[in-house]
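Number of protein chains: 2
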Amino acid sequence: MINRLVQKIQQTGAPIVVGLDPMLKYVPRHIQQKAYAEYGESLQGAAEAIWLYNKEIVDAICDLVPAVKPQIAMYEQFGIEGLQAFQKTVSYCREKGLVVIGDIKRGDIGSTSEAYAVGHLGRVQVGANAYYGFNEDFVTVNPYLGSDGVNPFIKVCREEKKGLFILVKTSNPSSGEFQDRLVKCEDGTEKPLYEIVGEKVAQWGADCMGDTYSYIGAVVGATYPEMGKALRRVMPKSFILVPGYGAQGGKGADLVHFFNEDGLGAIVNSSRGIIAAYQQEKYAGYGEENFAEASRAAVLDMKADIASALANR
Amino acid sequence: MINRLVQKIQQTGAPIVVGLDPMLKYVPRHIQQKAYAEYGESLQGAAEAIWLYNKEIVDAICDLVPAVKPQIAMYEQFGIEGLQAFQKTVSYCREKGLVVIGDIKRGDIGSTSEAYAVGHLGRVQVGANAYYGFNEDFVTVNPYLGSDGVNPFIKVCREEKKGLFILVKTSNPSSGEFQDRLVKCEDGTEKPLYEIVGEKVAQWGADCMGDTYSYIGAVVGATYPEMGKALRRVMPKSFILVPGYGAQGGKGADLVHFFNEDGLGAIVNSSRGIIAAYQQEKYAGYGEENFAEASRAAVLDMKADIASALANR
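If you're matching them up, the sequences are chains A and B in order. Just so you know, the first sequence maps onto residues 1 to 313 in the numbering used here. Just so you know, the second sequence maps onto residues 1 to 313 in the numbering used here.
Just so you know, the hints here were simulated from the structure itself, not pulled from any lab data. Cβ coordinates follow ideal geometry from the N, Cα and C atoms, glycine included. Check each hint, because a few of them may be wrong.
Derived DEER-like restraints, expressed as beta-carbon distance ranges [claimed, not checked]:
#1 B:GLY188 x A:THR12: 34 to 42 Å
#2 A:GLN125 x B:ARG158: 36 to 44 Å
#3 A:ALA37 x B:ARG94: 51 to 59 Å
#4 A:GLY97 x B:LYS161: 57 to 65 Å
#5 A:ASN260 x B:ALA253: 27 to 35 Å
The list that follows gives simulated cross-link-like pairs (lysine to aspartate or glutamate, EDC-like), each with its CA atoms no further than 20 Å apart [what the hints assert, rightly or not]:
#6 B:LYS184 x A:ASP207
#7 A:LYS8 x A:ASP63
#8 A:LYS191 x B:GLU190
#9 B:LYS191 x A:ASP207
#10 A:LYS184 x B:ASP207
#11 A:LYS191 x B:GLU186
#12 B:LYS184 x A:GLU293
#13 B:LYS161 x B:ASP59
#14 B:LYS8 x B:GLU114
#15 B:LYS155 x B:ASP207
#16 B:LYS88 x B:GLU114
#17 A:LYS25 x B:GLU186
#18 B:LYS184 x A:GLU190
#19 A:LYS184 x B:GLU95
#20 A:LYS155 x A:ASP207
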């Protein structure tokens with residue numbers, strides 16, 4: 001799957017992933033009305049609204065980008081009905097040829113991580129049959145529990161030719177509280193915790209190589225470009241998923257350090273900035289009805305921003 | 001909810017939580033056969049099997065213990081159908097008067113953590129209506145993203161009178177890879193990361209007091225009794241959820257340091273050791289058909305083990 005991701009980035013010229021994080025406040029009124037007319041102002045109504053919204057955006061952008069990243073929390077908040085919309089979205093995006101990164105940030109002890117891995121990337125055995133649960137292509141994983149929380153995910157990735165992005169340095173303001181703590185190393189030097197986690201990601205990924213990159217990648221926030229620069233060196237073969245562009249404050253120029261010399265090695269996420277583009281002054285001219293066209297325009301602008309930053313580095 | 005948990009621990013005399021982590025290999029054959037006869041060897045068949053299994057165990061133990069802890073991964077692996085069994089289990093246990101700790105280990109940046117908090121502890125707004133999604137009483141939370149990943153959970157706990165257990169030191173063998181790293185503090189001293197996280201839990205919990213304990217608790221594995229001793233002092237007002245008893249290797253004598261002098265402050269989890277008791281030699285006499293009676297016997301033995309350890313400390 002990492003080879004497919006690299007290939008699709010090269011084909012589209014866009015190292016971009018669109019975050020499908022559909023909060024109801026982003027969903028245009030005419031779509032909400034349509035869904036509520038059918039199912040009422042219910043969990044099912046909300047699930048239908050976010051599904052219709054996603055579908056129209058995916059149709060408008062699927063030829064421009066290699067990948068999407070649905071954030072499962074935005075679906076899980078609507079209970080079972082919301083998770084059905086998540087499943088439908090994952091499956092539709094795969095049909096459209098997009099690589100699907102499930103932003104699930106799971107992580108637990110051995111047998112429990114195995115259950116998550118099986119449910120999201122692999123197949124679960126029931127008697128003589130095996131079934132895919134959610135069937136994403138990549139998932140994000142939280143490393144706090146260490147190797148025996150991560151290894152079951154790696155095992156399933158190997159079997160299913162899928163991949164991971166492991167949280168190293170997250171994009172949020174308080175990510176430094178634990179991740180930036182200076183840790184004493186065996187050789188007497190000191191390093192921030194995120195760097196130790198980054199080294200571990202490089203180790204885990206070394207035995208999991210695709211053609212040019214490992215299928216064990218990392219998450220490093222666009223909001224911390226200097227740390228991105230350091231982590232790029234620590235994990236030369238790991239793809240970096242970079243959240244925090246746009247609405248969270250990251251800019252194209254901040255991103256160049258996340259890429260290798262080959263112009264690869266990173267994929268930048270934007271969620272709100274794309275899916276709710278029509279709510280920004282810049283794209284207001286499209287109108288609420290044409291929200292998906294506004295999203296398409298926002299993708300094209302983001303693509304140009306990143307390309308120009310990479311050209312001028 | 002923390003007051004209710006304390007009260008129920010006092011009523012039952014059992015600081016015990018039963019982990020409802022139903023792997024199919026624990027589910028007796030006659031139950032699997034019944035479920036598959038109705039729904040086939042399908043995700044729905046598996047979901048029915050784990051639901052029937054849970055229900056019989058809950059009926060057998062609900063008068064003995066204050067709380068249960070369903071591990072959502074074990075349901076999520078069966079996709080939507082599995083999560084429906086999770087929801088049914090949570091709701092049934094609440095009807096039976098048990099406190100339900102959703103072992104979900106979620107954690108993300110602000111708005112995303114809010115969605116998880118709303119979906120698992122609170123209510124989500126859809127138009128003019130508000131709905132509970134999964135409606136657990138407590139959930140476990142991963143702290144790697146820092147305060148702005150945890151605060152949205154705390155906000156919902158305050159509104160809904162619910163609670164959290166935040167991962168501090170997990171029970172698995174590789175938990176030390178990151179959690180035990182020595183971190184340099186501002187005053188020049190060094191402390192392991194888990195202690196820094198523990199201090200943060202105490203801070204977060206200080207403004208969230210029930211009558212005697214905070215509703216912001218911690219997870220500390222039974223497999224690390226010395227660290228439990230240190231962390232008990234760091235977080236005197238935090239309830240500690242202690243996994244790792246029984247099958248993972250923790251013993252009653254290891255547990256005493258997790259409790260305060262008042263005999264409270266900790267609740268010990270056992271999953272496999274109780275729900276699959278009939279598979280142990282010790283309880284084999286009950287037979288597979290009477291698996292729930294074996295679980296009841298295992299709870300009574302665990303209660304006696306902990307009581308005797310506390311009496312002899």
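Checked hints:
1. B:GLY188 x A:THR12: 34 to 42 Å: violated, 51 Å
2. A:GLN125 x B:ARG158: 36 to 44 Å: The hinted range 36 to 44 Å holds for GLN125 of chain A and ARG158 of chain B, with Cβ atoms some 42 Å apart.
3. A:ALA37 x B:ARG94: 51 to 59 Å: Given range 51 to 59 Å: violated, Cβ gap about 33 Å.
4. A:GLY97 x B:LYS161: 57 to 65 Å: violated, 47 Å
5. A:ASN260 x B:ALA253: 27 to 35 Å: Check failed, 54 Å falls outside 27 to 35 Å.
6. B:LYS184 x A:ASP207: violated, 32 Å
7. A:LYS8 x A:ASP63: holds, 10 Å
8. A:LYS191 x B:GLU190: It holds: about 14 Å lies between the C-alpha atoms, which stays within 20 Å.
9. B:LYS191 x A:ASP207: Violated, because 33 Å separates the two Cα atoms, which is more than 20 Å.
10. A:LYS184 x B:ASP207: violated, 32 Å
11. A:LYS191 x B:GLU186: holds, 15 Å
12. B:LYS184 x A:GLU293: violated, 51 Å
13. B:LYS161 x B:ASP59: This hinted pair is violated, its Cα atoms lying about 26 Å apart.
14. B:LYS8 x B:GLU114: violated, 29 Å
15. B:LYS155 x B:ASP207: holds, 11 Å
16. B:LYS88 x B:GLU114: violated, 23 Å
17. A:LYS25 x B:GLU186: Judged against 20 Å, a Cα distance of about 42 Å means the pair is violated.
18. B:LYS184 x A:GLU190: holds, 9 Å
19. A:LYS184 x B:GLU95: Outside the cut-off at roughly 50 Å; violated.
20. A:LYS155 x A:ASP207: Holds, at about 11 Å.
Of the numbered hints stated above, those contradicted by the structure are hints 1, 3, 4, 5, 6, 9, 10, 12, 13, 14, 16, 17, 19, listed in ascending order.
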